[in-house]
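Q: One letter stands for each residue in the lines below.
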Amino acid sequence: MKTKFRTIFDRLFTGVSAFSAVLLTAILLIVLGPMIIKGSTAVFFRGTVEFRKLQRDEFNRGNNTELEKEIEPAEKTRRFVYEIIDSFKRGVDPQSLTDQVRQLNRQYGQELRSKGITGDDYRDLREAARQIRDKLEETFNSADKDLINENIGFVLELKKDERFKGTAVEEMFTIADDFGRAIEEIDLQKREKYAQSLAEVEDILFGSEQMPGLLGPKPGDKLPQTIRLRYGATRWDVAKKLLNDLLYPVQWVEIENGKPLVPQRHSRAEEFEGTRLEPLFAYIENELPEMLKPKLTFYWQYFVDKSIDSHYFGGVGPEILGTILLTITAMIFVIPLGVISAAFLVECSANNLIIKIIRMCINTLAGVPSIVFGLFGLAFFVLYFLPAFGAGPKGSILAASLTLAVLTLPLMIRASEEAIRSVPQTYKEASLALGAGSFKTFVKVTLPAALPGILTGIILSLSRVAGETAPVLFTGAVAMGTLPRSILDPTMTLSYGSYNIATGDNIGMQVPHKQFGMIVTLVLLILLLNAAAILLRSRISKKLKGMR
Amino acid sequence: MKKMIAFGLIIVSLVSASHLTAAEKETLQIQGSTTVGPVGEAFAQYFKRAYSGLEVTVQKTGSSDGAAALIDSRCDIAMMSRFMKPDKEFKLAVEKGVMPVAHVVAMDGVCVVVHPSNPVKELTSEQVREIYMGKITNWKELGGTDSAIVAISRDTSSGTYETFHELIMEKQEMAAGVEYVSSNPQAHARVSTTTGAIGYVGIGFLDSKVKALKIDGIMPTKETITNGTYPVARPLFLFTNGYPKLGSMKHRFCTFYLTEAGQEIIEASGFVPLTNY
Amino acid sequence: MSNGRLDNIIEPAADKNESLVLTPLQDLKGYLFYHVGRLILFLITCTSVLAVLLIFIFVIREALPFVKGASIVQFLTGTIWHPQSEPGEFGALSLVVGSLYVTVVALVIAVPVGVVSAVFLSDIVSFRIRNIVKPVIELLAAIPSVAYGFFAIKVLSPWLMSTFGFPTGVNALNAGLVLSVMALPTIISVSEDSLSAIGRELREASYGLGATRYETLFKVIIPAAHSGIIAAVILGMMRAIGETMVVWMASGNATQIPSPWWDLSQSVGTITATIAGDMAETPKGSTHFHSLFMLGVLLLVFTFCLNMTSEFFLARAKKKIGKMA
Chain A
126 MKTKFRTIFD
136 RLFTGVSAFS
146 AVLLTAILLI
156 VLGPMIIKGS
166 TAVFFRGTVE
176 FRKLQRDEFN
186 RGNNTELEKE
196 IEPAEKTRRF
206 VYEIIDSFKR
216 GVDPQSLTDQ
226 VRQLNRQYGQ
236 ELRSKGITGD
246 DYRDLREAAR
256 QIRDKLEETF
266 NSADKDLINE
276 NIGFVLELKK
286 DERFKGTAVE
296 EMFTIADDFG
306 RAIEEIDLQK
316 REKYAQSLAE
326 VEDILFGSEQ
336 MPGLLGPKPG
346 DKLPQTIRLR
356 YGATRWDVAK
366 KLLNDLLYPV
376 QWVEIENGKP
386 LVPQRHSRAE
396 EFEGTRLEPL
406 FAYIENELPE
416 MLKPKLTFYW
426 QYFVDKSIDS
436 HYFGGVGPEI
446 LGTILLTITA
456 MIFVIPLGVI
466 SAAFLVECSA
476 NNLIIKIIRM
486 CINTLAGVPS
496 IVFGLFGLAF
506 FVLYFLPAFG
516 AGPKGSILAA
526 SLTLAVLTLP
536 LMIRASEEAI
546 RSVPQTYKEA
556 SLALGAGSFK
566 TFVKVTLPAA
576 LPGILTGIIL
586 SLSRVAGETA
596 PVLFTGAVAM
606 GTLPRSILDP
616 TMTLSYGSYN
626 IATGDNIGMQ
636 VPHKQFGMIV
646 TLVLLILLLN
656 AAAILLRSRI
666 SKKLKGMR
Chain B
76 MKKMIAFGLI
86 IVSLVSASHL
96 TAAEKETLQI
106 QGSTTVGPVG
116 EAFAQYFKRA
126 YSGLEVTVQK
136 TGSSDGAAAL
146 IDSRCDIAMM
156 SRFMKPDKEF
166 KLAVEKGVMP
176 VAHVVAMDGV
186 CVVVHPSNPV
196 KELTSEQVRE
206 IYMGKITNWK
216 ELGGTDSAIV
226 AISRDTSSGT
236 YETFHELIME
246 KQEMAAGVEY
256 VSSNPQAHAR
266 VSTTTGAIGY
276 VGIGFLDSKV
286 KALKIDGIMP
296 TKETITNGTY
306 PVARPLFLFT
316 NGYPKLGSMK
326 HRFCTFYLTE
336 AGQEIIEASG
346 FVPLTNY
Chain C
149 MSNGRLDNII
159 EPAADKNESL
169 VLTPLQDLKG
179 YLFYHVGRLI
189 LFLITCTSVL
199 AVLLIFIFVI
209 REALPFVKGA
219 SIVQFLTGTI
229 WHPQSEPGEF
239 GALSLVVGSL
249 YVTVVALVIA
259 VPVGVVSAVF
269 LSDIVSFRIR
279 NIVKPVIELL
289 AAIPSVAYGF
299 FAIKVLSPWL
309 MSTFGFPTGV
319 NALNAGLVLS
329 VMALPTIISV
339 SEDSLSAIGR
349 ELREASYGLG
359 ATRYETLFKV
369 IIPAAHSGII
379 AAVILGMMRA
389 IGETMVVWMA
399 SGNATQIPSP
409 WWDLSQSVGT
419 ITATIAGDMA
429 ETPKGSTHFH
439 SLFMLGVLLL
449 VFTFCLNMTS
459 EFFLARAKKK
469 IGKMA
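Residue numbers (my numbering), protein chains in the order written: chain A, 126 to 673; chain B, 76 to 352; chain C, 149 to 473.
Hints were generated in silico from the structure; no laboratory data involved. Be aware that one or more of the hints could be misleading.
[As the list claims (entries may be wrong)] In silico DSS-like pairs for lysine-lysine, Cα to Cα no more than 25 Å straight-line:
no.	chain 1	residue 1	chain 2	residue 2
1	A	Lys384	B	Lys297
2	C	Lys467	B	Lys163
3	B	Lys297	A	Lys343
4	A	Lys384	B	Lys196
5	A	Lys318	B	Lys289
6	C	Lys216	B	Lys166
7	A	Lys347	B	Lys123
8	A	Lys127	C	Lys216
9	A	Lys553	C	Lys466
10	B	Lys123	A	Lys318
11	B	Lys284	A	Lys163
12	A	Lys365	B	Lys284
13	C	Lys467	A	Lys481
14	A	Lys270	A	Lys214
15	B	Lys163	A	Lys366
16	A	Lys418	A	Lys366
Since the model is a prediction, treat every value here as computed from it, not as a measurement.
Let the sequences and hints guide you as you build the complete structure.
A: Printed below as a string of structure tokens:
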């Protein structure tokens with residue numbers, strides 16, 4: 126072959142192999158990059174005043190007086206929103222008005238009974254009140270302006286009756302009055318559409334039964350049980366998205382028959398054109414920063430806090446602790462087992478059948494899938510082994526770490542074996558020549574010399590143990606629990622937590638940054654552990670090099 | 076090296092010692108279905124705040140595992156998204172002296188969803204069945220666009236799958252090309268990102284990214300599920316060993332769904348409370 | 149002679165006040181210590197044997213009822229996996245094929261990239277760059293499988309759907325791609341080890357004859373190391389087959405053999421994902437439950453055979469290097 130071709134091939138090959146290294150780095154960046162970027166928003170974000178309220182209530186953090194000073198102007202700005210919606214609602218929401226007059230009617234009955242009015246008087250009064258209620262219900266639900274005005278007029282006539290003064294019925298009159306005035310401006314044909322749209326607007330602003338809103342529940346409303354519904358948007362990016370949904374709702378419209386629907390945004394302000402509600406939208410758009418007061422927050426307590434409301438708020442502190450505990454305990458089991466086994470295989474081995482069988486078993490162990498380990502851990506450690514010591518058949522850190530130790534044992538043995546084998550024979554021979562027994566030689570000479578390699582094995586095992594999900598699933602991990610008091614308690618871990626959020630509930634959909642945050646925390650933790658071990662290894666290597 | 080080992084041993088022994096000296100707190104162990112899991116967690120959260128001496132642990136390992144744990148007395152309350160199988164689990168429980176008592180805490184509706192860009196708005200249960208059996212393969216046969224139908228189902232051992240299988244599939248087999256996902260969020264993610272997809276999720280997973288279809292003319296809402304008109308709904312259970320003693324923490328947990336606070340939490344978790352609180 | 153460092157490690161016999169001849173008691177003690185010590189070490193090493201035996205026993209024990217109750221032939225050759233129907237159909241062939249599909253895709257990508265990278269690391273690049281690239285590989289190996297699974301469904305799947313217009317983004321291709329990234333570190337490190345183990349003589353001889361680097365590597369070194377590289381590939385294959393989390397999230401879990409057979413954009417189901425996905429919700433003691441363990445046995449047998457093959461090749465590599473030295 127001509128020399129030119131050969132050099133071309135050569136250069137090409139060098140280029141291709143360099144490219145493969147670049148490819149590896151690129152893959153690493155592609156895999157880690159998006160996750161780290163999205164996960165960092167769990168710690169760095171623009172937090173609103175709602176977030177600071179949450180921190181104060183749940184974690185007693187932050188200066189209360191300062192916070193109150195912040196909340197006051199925010200509340201003032203919000204008041205306009207509440208008022209405008211309330212006044213519009215009176216004309217539009219027949220269901221709530223109906224509920225109100227029903228409730229007032231019942232109240233009136235109770236009032237009468239407590240005043241001691243009985244007999245015919247009672248019946249007459251109740252009958253009259255009931256009539257008013259029915260007329261009003263008819264009014265609220267009708268679209269006929271004439272009928273409404275007629276009914277309202279009829280009801281307001283009854284207002285002049287002295288007997289109703291100071292009772293619940295008087296409130297009914299106020300409602301009727303407000304209603305009469307409110308509907309003057311509203312096109313009753315559109316009322317149903319208004320009601321539906323208004324319901325959406327309220328859901329976005331104050332939160333529905335399932336999702337929190339922009340501003341949180343109205344002051345004075347009953348506080349919801351679920352914590353996430355008690356606050357408005359705690360992050361500015363979520364707030365902006367909600368604002369967008371509020372101002373420009375999406376509708377999927379058909380452009381062409383037989384083609385997929387196309388999303389279209391239209392302005393909600395246009396929907397309410399000409400009504401009292403119209404100025405609301407421009408107001409909210411302009412004043413939202415004032416209402417929420419976003420500020421750049423560095424939420425480093427994410428790594429320390431416990432999760433509030435199934436990870437909707439709060440952090441991953443207990444999970445980090447759980448992962449660290451689990452890893453350390455598993456390492457405590459696997460390091461001695463691994464190093465001793467490796468020592469045996471290197472020092473005391475003859476090439477006979479037994480050693481071959483042992484090696485075969487170690488390699489088979491390396492190939493068992495992690496889910497089988499999980500089942501094995503459940504059946505053996507949780508149900509059989511630990512109860513034999515009186516620990517009760519429940520999952521625990523101990524059971525999970527034992528399972529994880531068995532999982533990484535082959536890795537540890539292999540790495541340790543490599544390390545011990547690579548210690549130069551001369552060390553051993555010198556030590557033996559000086560009169561030390563083989564045991565002493567091993568412990569005092571070979572082992573320290575092999576330490577860097579063993580540390581590599583420890584590093585690899587650490588990463589494996591911290592990241593495994595399937596083995597801890599059945600043996601030691603809980604979705605929610607307290608901080609473990611001892612190794613006989615189960616715990617929450619980062620790996621299980623990430624898997625849980627991804628497959629468990631709709632939290633993952635609502636707070637994706639929490640999902641990514643947990644995974645990134647896991648990766649960062651593993652990297653930190655790796656870095657610590659690598660540092661340790663280089664220090665020991667340096668010390669060893671100095672010894673030579 | 077030695078320092079590391081000594082350090083580790085000290086930590087472990089300290090932690091173990093604390094277990095021996097800590098006061099005995101009352102514990103409640105809850106294990107079972109991943110569907111009912113969020114309700115269990117939310118209840119547990121509430122209880123931890125309300126009763127300071129109580130420790131609650133929640134494990135989400137699956138309905139079958141929850142049943143097995145209750146039978147082995149490994150947990151106090153088992154969450155299950157289906158009833159105990161009479162010939163396997165129930166019988167085994169009775170043999171071991173465990174009398175399972177079911178408490179229905181909420182209803183879950185199985186909603187058929189498609190991508191929002193899909194023009195199809197409603198289907199009959201017959202049509203859904205034929206889609207999953209592989210007889211209908213293109214949306215244009217149903218009045219939609221000319222694109223392939225990607226059918227997505229929950230894995231065969233999930234309770235959601237069983238409900239769907241029984242009430243819509245009428246126990247017929249699904250076609251081989253049907254994709255299986257292992258959880259509600261995954262099903263939701265698949266349908267919301269694939270324009271030709273059809274799948275089914277629990278009612279708590281309906282949001283703007285997927286579109287729920289009317290089945291036989293009924294839209295899945297809180298009302299239609301509670302009054303029984305929506306056909307594909309199923310109850311969610313908590314199982315205990317016998318009826319829990321009145322006034323005990325277990326009893327309070329199992330009857331929490333009857334309180335207004337409990338029903339509010341159930342609704343916030345994405346399920347349908349049993350009454351119109 | 150007192151050298152500060154060596155003093156506390158080994159005491160020269162001359163410093164001891166003991167005679168150099170052992171008393172019978174000391175002799176016996178030494179003998180006992182030696183052999184009992186060995187025995188203890190042996191027993192500790194056997195924990196791994198014990199663990200493997202226990203795992204095998206446990207898995208086989210739970211799989212036996214399936215062997216008795218249902219048909220093995222159908223299991224191995226049937227393609228329909230409907231365990232919950234009555235009667236249940238347990239044809240695992242589609243699952244086996246699914247596992248094979250994702251593994252083959254993974255290897256097709258990982259082996260060339262891995263071997264070339266290993267060559268790059270062992271032969272071409274300077275020590276300094278090697279020290280930079282090695283951590284990158286270790287990092288890739290350290291990322292937990294859950295993180296890879298996330299990446300597969302959140303980043304890779306939408307990208308595949310938008311770039312290639314697949315109807316679904318979770319398919320054999322997706323799972324195969326991610327698995328290849330997971331198998332890469334294994335393949336690279338083992339290949340690199342075997343490439344480095346070949347002494348300098350072979351390389352120097354080839355260069356001495358005037359071969360370019362490319363020719364040396366491809367015509368001399370890689371063939372010389374081929375046993376080691378095959379062993380690396382097999383280890384990577386084992387990693388890919390045994391991986392649970394990633395395939396569960398990324399492969400779609402449809403129990404079908406893609407038709408046409410070359411269509412990678414279709415969803416496939418693997419053995420590991422089926423075991424993991426079905427295990428939680430299957431009633432204990434049902435045929436379905438036992439069939440999952442049967443799948444586990446299948447997996448174990450398969451990985452065992454792969455192990456044997458890899459051992460064989462590694463032994464051949466060692467022999468060859470021994471011969472060359």
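Q: Indicate, hint by hint, whether the structure satisfies it.
A: Here is what the structure says about each hint:
1. Distance check on the hinted pair: A:Lys384 and B:Lys297 sit about 32 Å apart at the alpha-carbon level, beyond 25 Å; violated.
2. As the CA atoms of C:Lys467 and B:Lys163 are separated by approximately 56 Å, the hinted pair breaks the 25 Å bound.
3. A C-alpha spacing of about 24 Å is found between B:Lys297 and A:Lys343, which places the hinted pair at or below 25 Å, so the restraint holds.
4. Simply put, A:Lys384 and B:Lys196 have alpha-carbon atoms about 14 Å apart, close enough for the 25 Å limit, and the pair holds.
5. Proximity of A:Lys318 to B:Lys289 is assessed by CA-CA distance (about 21 Å); at most 25 Å being required, the pair is judged to hold.
6. This hinted pair checks out: C:Lys216 and B:Lys166 have alpha carbons roughly 22 Å apart, not beyond 25 Å.
7. The suggested pairing of A:Lys347 with B:Lys123 holds, with an alpha-carbon distance near 21 Å, which does not exceed 25 Å.
8. Proposed proximity of A:Lys127 and C:Lys216 is contradicted: the alpha carbons are some 68 Å apart, above 25 Å.
9. Distance restraint check for A:Lys553 and C:Lys466: the Cα-Cα separation of roughly 23 Å lies within the 25 Å cut-off, and the hinted pair is therefore satisfied.
10. A distance of roughly 43 Å separates the Cα atoms of B:Lys123 and A:Lys318; the hinted pair therefore is violated under the 25 Å criterion.
11. For the hint pairing B:Lys284 with A:Lys163, the CA-to-CA distance comes to about 20 Å; that is within 25 Å, so the pair holds.
12. This hinted pair checks out: A:Lys365 and B:Lys284 have alpha carbons roughly 18 Å apart, not beyond 25 Å.
13. Between the alpha carbons of C:Lys467 and A:Lys481 the distance comes to roughly 17 Å, so the proposed pair stays at or under 25 Å and holds.
14. Of the supplied pair hints, the one linking A:Lys270 and A:Lys214 holds, its CA atoms being roughly 17 Å apart against a limit of 25 Å.
15. Distance restraint check for B:Lys163 and A:Lys366: the Cα-Cα separation of roughly 50 Å exceeds the 25 Å cut-off, and the hinted pair is therefore not satisfied.
16. The straight-line distance between the Cα atoms of A:Lys418 and A:Lys366 is roughly 16 Å, inside the 25 Å bound, and the hint therefore holds.
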